[in-house]
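Modelling step: build the complete structure from the supplied sequences, incorporating the hints.
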Amino acid sequence: MTDATITATQPVETKTPARSAFGDIWHQFRAHRGGVAGLVIFVFILLAVFIGPYIHRVAPNAINIRDKNQWPSLAHPFGTDNLGKDMLAQVLAGGRISLAVGVTAMLLALFLGTLVGVLSGYFRRLDGPLMRITDLFLALPLLPLLLVILMLFRDTLRATFGPETGIFILIVFVIGITSWMHTARIVRGDVLAVKSQEFILAAKSSGMREFRIIIKHILPNVLSSIMVSATLGIASAIITESALSFLGLGFPSDFPTWGRLLFDGANFLQLTPSRVLWPGLAISLTVLSVNYMGDAIRDALDPRALKH
Amino acid sequence: MKNLKLLLAGTVAALAFAGSAAHAERGTDGDLKILFWQAVSTLNPYLSGGTKEVYSSSLVIEPLARYDEKGELAPWLVTEIPTVENGGVSKDMMSMTWKLKPDVKWSDGTPFTADDVVFTWKYCVAPDGGCAQKAQYEGVTSVEAVDPHTVKITFSEPKYYPYSAFVGAQSPVIQKKQFENCVGAKAPGCTSANFGPIGTGPFVVKDFKPNDVITYAANPNYRDPAKPAFATVTLKGGGDAASAARAVLETGEFDYGWNMQVEPEVLATMLKAGKGELVTAFGTQVERINLNWYNPDPKLGDKRSTKEAGPHPALKDPAVRRALSMAIDRNIIDEAGYGEAGRPTCNIVPGPEAYASTANDWCLTQDIEGANKLLDEAGWKKGPDGIRAKDGARLSFLYSTSTNSVRQATQELVKDMWSQIGVDAELRNVSASVFFGGDPASPDTFQKFYADVEMYTNNFDGTDPEKYLAEWLCDKVPSPENGWQGQNIPRYCNPEYDKLVAELSKTADIEKRIELSKKANDMLTEEGAHIPLIYRGQVSSHSVSLDGVKMNAWDSELWNAADWSRKK
Chain A
1 MTDATITATQ
11 PVETKTPARS
21 AFGDIWHQFR
31 AHRGGVAGLV
41 IFVFILLAVF
51 IGPYIHRVAP
61 NAINIRDKNQ
71 WPSLAHPFGT
81 DNLGKDMLAQ
91 VLAGGRISLA
101 VGVTAMLLAL
111 FLGTLVGVLS
121 GYFRRLDGPL
131 MRITDLFLAL
141 PLLPLLLVIL
151 MLFRDTLRAT
161 FGPETGIFIL
171 IVFVIGITSW
181 MHTARIVRGD
191 VLAVKSQEFI
201 LAAKSSGMRE
211 FRIIIKHILP
221 NVLSSIMVSA
231 TLGIASAIIT
241 ESALSFLGLG
251 FPSDFPTWGR
261 LLFDGANFLQ
271 LTPSRVLWPG
281 LAISLTVLSV
291 NYMGDAIRDA
301 LDPRALKH
Chain B
1001 MKNLKLLLAG
1011 TVAALAFAGS
1021 AAHAERGTDG
1031 DLKILFWQAV
1041 STLNPYLSGG
1051 TKEVYSSSLV
1061 IEPLARYDEK
1071 GELAPWLVTE
1081 IPTVENGGVS
1091 KDMMSMTWKL
1101 KPDVKWSDGT
1111 PFTADDVVFT
1121 WKYCVAPDGG
1131 CAQKAQYEGV
1141 TSVEAVDPHT
1151 VKITFSEPKY
1161 YPYSAFVGAQ
1171 SPVIQKKQFE
1181 NCVGAKAPGC
1191 TSANFGPIGT
1201 GPFVVKDFKP
1211 NDVITYAANP
1221 NYRDPAKPAF
1231 ATVTLKGGGD
1241 AASAARAVLE
1251 TGEFDYGWNM
1261 QVEPEVLATM
1271 LKAGKGELVT
1281 AFGTQVERIN
1291 LNWYNPDPKL
1301 GDKRSTKEAG
1311 PHPALKDPAV
1321 RRALSMAIDR
1331 NIIDEAGYGE
1341 AGRPTCNIVP
1351 GPEAYASTAN
1361 DWCLTQDIEG
1371 ANKLLDEAGW
1381 KKGPDGIRAK
1391 DGARLSFLYS
1401 TSTNSVRQAT
1411 QELVKDMWSQ
1421 IGVDAELRNV
1431 SASVFFGGDP
1441 ASPDTFQKFY
1451 ADVEMYTNNF
1461 DGTDPEKYLA
1471 EWLCDKVPSP
1481 ENGWQGQNIP
1491 RYCNPEYDKL
1501 VAELSKTADI
1511 EKRIELSKKA
1521 NDMLTEEGAH
1531 IPLIYRGQVS
1541 SHSVSLDGVK
1551 MNAWDSELWN
1561 AADWSRKK
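Residue numbers (this note's numbering), protein chains in the order written: chain A, 1 to 308; chain B, 1001 to 1568.
Simulated from the structure, these hints should not be mistaken for lab results.
Be careful, since some hints might not be right.
[Said to hold, decoys possible] Pair ranges (Cβ atoms, derived):
#1 1390(B) with 77(A): 42 to 50 Å
#2 1393(B) with 50(A): 31 to 39 Å
#3 243(A) with 1331(B): 49 to 57 Å
#4 1390(B) with 74(A): 44 to 52 Å
Remember, it's a predicted structure, so these values are computed and weren't measured experimentally.
Here a beta-carbon is modelled for each residue, glycine too, at the ideal position from N, C-alpha and C.
If you want it as structure tokens, here you go:
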């Protein structure tokens, strides 16, 4: 795998002047070993979760009480749970949900965080109010807030979008609007630093409109910190969803997610350890690989690192 | 009369003396650690129908008579059980007289008198009180103090099974002095009284943290000077059944764990540690699925699941209710979740044995074909998604229960079985402390029943099902007007049924009573007020070092905590 990528990108190594920006980033990224390992594992998990069910064709919700509590076998590589459901199929199905929640919630948090961060960093008059709102959100105790939101809006959303989509929207929304604050603070700091540089002054004096300055000059320069908080955001969203499932407040109990599988398996730790091992491992690996990728992306996007 | 009293007082004193001689002294065995995985939210059982509240308060406040482990009545704060033979119950069954033990004291040192008993009745039947145990006082027109140690209860009509008021853990006597200003609408506001009732029981409340932990100390004024053996009790609440079982059976951190609703294979692994043992008693617990007879559509807002919401669009059809029951294979549910601690049942009154009906045994065998046929004939056609529908109503139900791995497994099994007859279920689970918490502000309590079907266990105290069967009367439907109290959770209402229960309450002959109880039980199952699933044994666990536990399925499990001691 590593050999293949090296040969594929060999021409880049010849330092032709036509090297693309993406090539540069990729080159830098590859230099970060943890990042590459993280990428490989993350891609593997993605492939397994989305293509896996076409290979391992067992329905995750098929109950077969005669085959309950089985240890791993050829028919059930991850064993079965106490109702005889195949664990591999459940871990794969659960992964799709957990990853979807993680990525969507991250995107929402990222959008909100960047918006607030850029606005408060760039426009002095908005800085105070927006940062106080950020402080307010940071001060809110998260879990009780989640519980109240879930209780208040669950039935309305369920009626409009159906049980599963409704809960999905709710959970993504709830995680998204409660985890944008760190992104906002980081982005604001970066924007403040970038704003005072000469090229922004140059852009302003050339009559460029504020909106275009933000899009063309500010955003590309704060992209690295945005990307890092994005990767961290996926991890924390997956963990928050697990916590909600753990409390019995997330998705319905027959709807596997990694957190839910872990929760259900905990009682059976001594009897069939694989019920806890695999979902736990999946959560840990995803979070770890995403964190390493974030680390590598930050290195790759750092303009100082690009110079040499 | 006076002589008799003297004699009795003498006997009690002698017994007490004998007890102290045989037993260790009061408070010599240290701390008794009890674990309830559903945390206790109040110590006043009149304000919460939850088993955990009833049990935890039974260490402090006591009824006049209790049921022992065999289901027989035992005098507790009285000298004897009144019967027609001993003149305690009048010949026309219109009144009964309890003779209180003369030397009983409240834990604050004041004497326990007939006034307190009278007050307890007034407290529960006070208008706007939202008393959760009103069914216990059904048909009582007056409770009077004849003298300080004699209480006379008069009934509105002949009461052929009179042992209901002040009998069993659900209707204990509370102190008049303490609760005097807490009657009616003021009841829930009296926090200090509700959280620390003064009682006659072996322990007094030292500290109560709602939904967390209760500490009790031995009652210095307990009537038996040698008891209780334990100086303090720590009753910790919260967690889940499996961790509670582990804490007692495997790690030995707790002495007693209540309600081990854990998969049988998991319990078997824990028992290997040898730190504790399981105690089971089959009483009257039935795990059932309640069907909501009113419409719980969230669009109806606060009206949902009340009479104003109108009948349930799908569950109003008897064919649907019956098909839902026919599709369930109770044996599989029993095997997966209960093992030795449960048996499949079709009855809501599963015991005592004489009362268990066999008329509904059709439901013991799963009949998918029959259920499908029934639904076809009733006009429920399968849509493109495989779910049956008729006149815009889909057979898709929100199925709620408390968070517990056995219940979630049961939910999944039932959903799977229902899917075979074209019925869809959306599963929801609510934390047990919320679900059974009885908080009128929460939308997730079992009383509010904002779901189509919900599953939990209930049971009745004692051996006579009359007052239990009275829970399905039309006027017991929970609603905002009665503060969502009232035990008719399925919102079942049938004048025929009301008549049957009224007849039962007028019948003295035991054979006839059994026959009528069975008939009422059959009517509930046949009409589909609920779907009985499993006749559950009450399973609790205690450490091997705890002596004196007599598992009681008919009253509070902690009924004889005064006799518990540490094995030397």
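Checked hints:
For residue 1390(B) paired with residue 77(A), a C-beta distance near 43 Å keeps the hint of 42 to 50 Å intact. Between residue 1393(B) and residue 50(A) the beta carbon distance is about 37 Å. The supplied range of 31 to 39 Å therefore holds. Between residue 243(A) and residue 1331(B) the beta carbon distance is about 36 Å. The supplied range of 49 to 57 Å is therefore violated. For the hinted restraint 44 to 52 Å between residue 1390(B) and residue 74(A), the CB-CB distance of approximately 45 Å keeps it satisfied.
Going down the numbered hints, you'll see the structure goes against just number 3.
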